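> Sequences are here, hints too, so could you generate the full structure?
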Amino acid sequence: MKLPHHHQLRVAEVIVETSDARSFVLAVPDELAERFAYRAGQFLTVRVPRPDGGFAARCYSLSSAPNSRQLTITVKRIADGHGSNWLCDNVAVGSELQVLPPAGTFTPRTLDADFLLFAAGSGITPVMSIVRAALATGSGEVVLVYANRDENSIIFGAELDRLTAAHADRLTIVHWLETGPHGRGLPTAAGLREVAAPHADHEVYVCGPELFMIEALQAAKLLGVPHNRTHVERFVSLADDPFAVSAEVAPADAAEAEDPAAQSSLEVELDGEEHRLPWPAGARMLDVLLDHGLAAPFSCRQALCGACTCRLEKGEVNMIENNVLDAEDLADGYILACQALPVSNTVRISYE
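Read in order, the letters of the sequence shown correspond to residues 1 to 352 in this note's numbering.
Keep in mind the hints are simulated off the structure, nothing from the lab. The reader is advised that the hints may include incorrect statements.
[Stated by the list, open to error] Ranges between beta-carbon positions, derived for each pair:
no., residue 1, residue 2, range
1, Asp326, Ala158, 35 to 41 Å
2, Glu269, Gly180, 49 to 55 Å
3, Glu316, Ser68, 40 to 46 Å
4, Ala92, Glu273, 36 to 42 Å
A quick note: this is a predicted structure, and the numbers were derived from the prediction, not measured. Cβ coordinates follow ideal geometry from the N, Cα and C atoms, glycine included.
Now the structure itself:
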């Protein structure tokens with residue numbers, strides 16, 4: 001049976017985090033529990049109406065942790081941000097949201113690691129999911145460097161205080177405030193390096209505004225943190241509507257679909273199961289997977305978010321576009337399923 005690509009979920013609770021940030025707790029029916037199982041650090045893609053009567057899609061990180069059995073996104077208003085303002089102004093308890101299943105690769109391989117987390121503003125959202133999950137089910141040290149304009153801007157302030165009191169032996173929080181009695185100005189690479197220096201051997205996760213991430217990544221570089229221990233989450237506004245997915249795979253040339261010689265074979269390991277699928281020439285890998293009813297992760301379909309990243313185990317593909325993976329990712333065999341076209345007769349991928 002082919003699974004729908006998106007679902008309607010009811011808002012069970014709205015939590016006011018700050019004057020310009022809200023958390024929305026979504027109710028997941030029992031029959032969708034497996035579909036909406038997630039890992040700490042992932043996000044949901046939400047469909048929002050546009051002023052012209054159409055729809056847009058926006059990605060919002062989950063701030064809850066999997067062990068909580070909650071599905072909660074946290075949204076902060078941004079200037080001229082259509083999606084964030086619409087959600088904060090219009091969504092109440094009982095509202096229903098169209099969402100895609102959880103996706104994203106900003107996820108720890110193990111929650112038992114030691115973590116050095118850099119967050120600024122609403123970039124705390126996926127980081128908060130990692131903090132909660134690591135403290136609840138992991139065993140390592142968690143160090144959070146959290147930058148904000150002032151004390152009133154701190155999202156999850158009370159919860160962070162509670163977690164610090166409950167896990168004083170494992171959790172360290174460094175608040176970097178730009179203004180106020182203890183203001184340090186804008187975060188700099190040198191300043192971030194100084195406060196994080198004792199934890200340079202930890203797994204580093206970075207999320208926040210672009211200028212902050214540049215400084216945080218430079219700080220990690222100054223600390224000597226290798227590429228494979230540095231993880232970054234970036235979000236961009238999506239130009240297209242990923243909820244409008246074609247019902248069937250359409251190769252570039254219909255004649256190729258009828259010619260077995262023009263088809264490749266796609267082998268995939270997903271959720272512990274093996275699949276072997278015909279892959280028509282001209283069809284994108286993600287479309288093939290979805291057309292055969294597989295719950296392959298995706299979000300933007302525009303090579304912008306990295307949610308569909310998988311590892312090429314065998315064969316060769318061409319990627320139409322790539323705005324996410326860097327040279328080291330490509331060297332390690334990672335590809336974007338939404339952009340991959342077959343080159344070799346057989347292609348094998350896996351999802352980690």
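> Each hint: holds or not?
Results for each hint:
At roughly 38 Å, the beta carbons of Asp326 and Ala158 sit within the given window of 35 to 41 Å. A hinted range of 49 to 55 Å for the beta carbons of Glu269 and Gly180 is consistent with their spacing of about 51 Å. At about 42 Å, the beta-carbon gap between Glu316 and Ser68 stays in the expected band of 40 to 46 Å. For the hinted restraint 36 to 42 Å between Ala92 and Glu273, the CB-CB distance of approximately 40 Å keeps it satisfied.
Violated hints are absent here; each numbered hint is respected by the structure.
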